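Student: Line by line, the protein sequences give chains W and E.
For the first sequence, the positions run 7 to 379 when the numbering used here is used.
For the second sequence, the positions run 1262 to 1826 when the numbering used here is used.
Hints are not guaranteed to be accurate.
Said to hold, decoys possible - With a straight-line cut-off of 30 Å between C-alpha atoms, the simulated BS3-like cross-links for lysine-lysine are:
#	chain 1	residue 1	chain 2	residue 2
1	E	1663	W	80
2	W	194	E	1725
3	W	60	W	121
4	W	129	E	1663
5	W	60	E	1663
6	W	130	E	1275
7	W	140	W	121
8	E	1820	W	119
9	E	1725	W	109
10	E	1573	E	1725
11	E	1725	W	133
12	E	1820	W	195
13	W	133	W	109
14	W	141	E	1725
15	W	236	W	72
16	W	236	E	1725
17	W	121	E	1725
18	W	70	W	206
19	W	130	E	1663
20	E	1275	W	80
21	W	119	E	1316
22	W	140	W	194
23	W	195	E	1275
24	W	129	E	1725
25	E	1820	W	60
As the list claims (entries may be wrong) - Cβ pair distances, simulated, as ranges:
#	chain 1	residue 1	chain 2	residue 2	range
26	W	269	E	1725	50 to 60 Å
27	W	160	E	1616	48 to 58 Å
28	E	1598	W	130	22 to 32 Å
29	W	273	E	1725	34 to 44 Å
30	E	1280	W	199	36 to 46 Å
31	E	1725	W	16	47 to 57 Å
32	E	1819	W	161	20 to 30 Å
33	E	1573	W	130	51 to 61 Å
I should point out that these hints are in silico values taken from the structure, not numbers from a laboratory.
Every value quoted in this text rests on a predicted model; they were computed, and no experiment measured them.
A virtual CB, placed ideally from N, CA and C, is assigned to each residue, including glycine.
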Amino acid sequence: MGSVTVKNLIKQYDGVMALNNVNLEIQEGEFFALLGPSGCGKTTTMRCIAGFEKPTNGEIFIGKQKVNDIPANKRNCGMVFQSYALFPHLDVFQNVAYSLNIKELEKRGPGTKIKTYARMINKKLAKSPPEIEKKVMEILEYVELAPYRNRLTSELSGGQQQRVALARALAMEPAVLLMDEPLSNLDKKLRNSMRATIRKIQLDLGITTIFVTHDQEEAMSMADRVAVMKDGDVIQLGTPTELYSNPKSAFIADFVGSSNIFKGSVIGQDGERSIVQLDGFQIRSTSIPKNKEVEVVIRPENIEIALGEEHPGDDILEGKVLMSTYLGSIVRYDVEIGPYIVMVDTTYQSGKSVYPPGANVKLTVDPEKVFLL
Amino acid sequence: MKMLKRFDGHSLIKALIVLFFIVFLVVPLFSILIVSITGVPINVFGSLVDPETFKSTIDAFKNSSLEFYKSIASKSGYLSALMNSLELSLLVSVVVVVMCLPIAYGIARTKMPFKKTLTALCTIPLIVPTFIAANAFIVMFGRSGWVTYIYESLRGNGLLINPSSMIGIAMVQVFFFFPYALWPMVAAFKLSDITLEEGSQNLGAKNWFTFAFVTMPLALPGLISSALLIFTVSFSDFGTPIILAPKDLNLIVVEAYREIAGFFNWAGAAILTVIMVVVAAFFFCLQHLFTKGKSYGTVSGKPKKQKIIKNKWLTRTIAGYTCLVVLVLLLAMISVLLQSFATTWGVGVLPDGYTMANYQAVFSSSFENVTNSLILASGALVLSVVIATFVSYFVVRQNASKLDFMTTVPLVVPGIALGIALIQTFNTAPLQLTGTATILIIAYTIRRLPYMVRSTVGTMRSIKQDIEEAAVNLGASRLTAAITVVGPLMIPGIAAGSILVFITVIKETSVSILMAPAEWAPMSLAIFQNILRGEYYTAAAMSIILVVLVLVLQAIATKLSKGDA
Chain W
7 MGSVTVKNLI KQYDGVMALN NVNLEIQEGE FFALLGPSGC GKTTTMRCIA
57 GFEKPTNGEI FIGKQKVNDI PANKRNCGMV FQSYALFPHL DVFQNVAYSL
107 NIKELEKRGP GTKIKTYARM INKKLAKSPP EIEKKVMEIL EYVELAPYRN
157 RLTSELSGGQ QQRVALARAL AMEPAVLLMD EPLSNLDKKL RNSMRATIRK
207 IQLDLGITTI FVTHDQEEAM SMADRVAVMK DGDVIQLGTP TELYSNPKSA
257 FIADFVGSSN IFKGSVIGQD GERSIVQLDG FQIRSTSIPK NKEVEVVIRP
307 ENIEIALGEE HPGDDILEGK VLMSTYLGSI VRYDVEIGPY IVMVDTTYQS
357 GKSVYPPGAN VKLTVDPEKV FLL
Chain E
1262 MKMLKRFDGH SLIKALIVLF FIVFLVVPLF SILIVSITGV PINVFGSLVD
1312 PETFKSTIDA FKNSSLEFYK SIASKSGYLS ALMNSLELSL LVSVVVVVMC
1362 LPIAYGIART KMPFKKTLTA LCTIPLIVPT FIAANAFIVM FGRSGWVTYI
1412 YESLRGNGLL INPSSMIGIA MVQVFFFFPY ALWPMVAAFK LSDITLEEGS
1462 QNLGAKNWFT FAFVTMPLAL PGLISSALLI FTVSFSDFGT PIILAPKDLN
1512 LIVVEAYREI AGFFNWAGAA ILTVIMVVVA AFFFCLQHLF TKGKSYGTVS
1562 GKPKKQKIIK NKWLTRTIAG YTCLVVLVLL LAMISVLLQS FATTWGVGVL
1612 PDGYTMANYQ AVFSSSFENV TNSLILASGA LVLSVVIATF VSYFVVRQNA
1662 SKLDFMTTVP LVVPGIALGI ALIQTFNTAP LQLTGTATIL IIAYTIRRLP
1712 YMVRSTVGTM RSIKQDIEEA AVNLGASRLT AAITVVGPLM IPGIAAGSIL
1762 VFITVIKETS VSILMAPAEW APMSLAIFQN ILRGEYYTAA AMSIILVVLV
1812 LVLQAIATKL SKGDA
């Protein structure tokens, strides 16, 4: 087990900057997510840690050891590939046993060596020694794949293949577990249950895990901490709740959960609150603006919605429902206010009716939940 | 230290492969070009190690001129050889395309009777080396051939067709090269979409009109490309002319062979070699241009559907015509088979008597040739497997496009030209290899490597890089990953490619006849020598053994490739 430290990591491909001074400190036993849109450098960062890419500059430590000059096959980072990269010519058992066989190759004499090579090519050629047999079966039981030990990986379902890939990486008892978009090939339902499985295994084993994803929901629901990347930079790093409730930029506010983002300018103060002028109305916020020109960020669930005649109180905006989308537990309204279309989420209580398109509604926002960025 | 580290196993192997190509392909072709202007043999490798040789090479350069090229025009032999060869290739390529038109159309677009059987029989020529086919035509149409016998008893005097003439050579090439054009042409006829043809009919066009103005124009690039392919194949063919060409018919391949094997005329052989390579390369490139355009036209997401013609009159006519073509092939092969069992075969439809003695003779006195063929083919197989595997790794994983190009160069070098180039380069110290099995195996390997590389590159592309990375990630070194993961996954591609190499090496004529030393004579050389000596019956028996061997291997290859799918 080990911590992972990335210092001033820079990676250039033919002069194009892929990573621009990335710094990360990942604690031992932490579940750490690298989140960002495609091309942001998250996979490159992971591949540098795994040793598949040579950094142009910067240092990488696993535990206390600097690994820049250690080849990929000696770094002891178990990796789960996006495509799973299972060995198609080997069965489930031999896939999982692969790293154990490699260790066998290193320590014993020529006889064992030949036998090991033989069973890595085709299991019929040689039998596995009892200690490997025992260890692999333990892991297979753990991921609930013991009955499938003799199957070829092509004969398994997507979820099962995913678990083989995970088991294969865990079998080497890696210092760090690296997962590259491991759930992107699964359907939604399976993805949700695999999230739980992966998180449970990670907590059980207390293994330091770096998880690359472009799916913010995945990162937020699984990780202890999330680093959001964009254009080769880490633009914000924090726990999921920090990122959600205190986004440092409009990009993060939009990428991590959905947000209403409007451009406006600060025109005055009302006690601790700043008054922001938008096109046609004003809005108040408790957050402290850095500039005069600001981006107003409001989460859809922080807006309350009521029919025109029902709602008393301050900070009322009047608008018209354009569309209502029933999403099960919540209802999403698109409300037209002047030139803006505002997203509003309300929890749906069964029996209550949904406001129809065209309905005149009033919106209220707590100034404490309006961010000025 | 850093330099040393970067020069790891991979780059060492890559350097060795590049060196192999430079030594055995680039330098020989280059030095034959030099010989063609200096007029005397030069020793490239000797010049590198020995100052004395270097000096004489420089002297040779001082005397170099384009004199020898001018002599082509004056020395009428070379010019007429080139003209005759071009005429033959033109004739063959036009006739093949015209002959194949109905067959290709029948296979692609009609429901003709016995389509499957006829299609299968159309592949016979692929397993028969042309010099065996040429000999078969002598058995049929020669002075004492059985067709001639029937012809004479029906009508009187002379030969129906003289096999030892331009027409005879063209006929053998037409019948035994047409499959190379047939399949591209079938594909070309499938280009035209049903919607286009129905559109044409909907506008009031008659069937023949639609065929002439819609189907044909769409197929035309494919037909031209097929003709160009046949042109190159016919131009490079050595087996047919060496058996059939009469003394007064000059063909460039035969002329080059005689210059080197008969007169040791290096200057002449070199000029002819350069001309051969240039012509073959030109038509090869031309054909590739056409193929490129064609494939561009066919790539589309929507599956094409052809209208299948069921008109009984038309399909039966086409099937009957195809039967006639196939019949010629079958009769040619049956003639060789009968000859192999014949005691003697004088003038008559059938041999005078039957015996196993010819086969006994082969097994008792010439069995060595069979084992030689197998050993040489195995050698070429091993060498090409090793080279092709690494080449495909570098091409796919490291984008080694120069290496990729280098492995396709042998496609444009006619066998006889490669042979002459290799003999010239390696017949003196320090690398005296001419007349050894080694150089023969290397020649076979270079000639067939392009096919092997195509096969292995295809398989390598299907192995995703992350599978290899996964092995490395799990602790395997690059070498261990190659042995345990990449290797096993490559096996189907290697197997398919290596059987192809094995078959073509056994069939190989030009390089074998030109380069094989007596103690390593393969079957093809033995058959050739038997024919020259007039031992036709043992030649026939050995031919049948060769064809059966190829047939068996082909069957195994088909079974293997079906197993993958």
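Student: Failing hints, ascending?
Tutor: 1, 3, 4, 6, 8, 10, 12, 19, 21, 22, 23, 25, 26, 28, 29, 30 and 31
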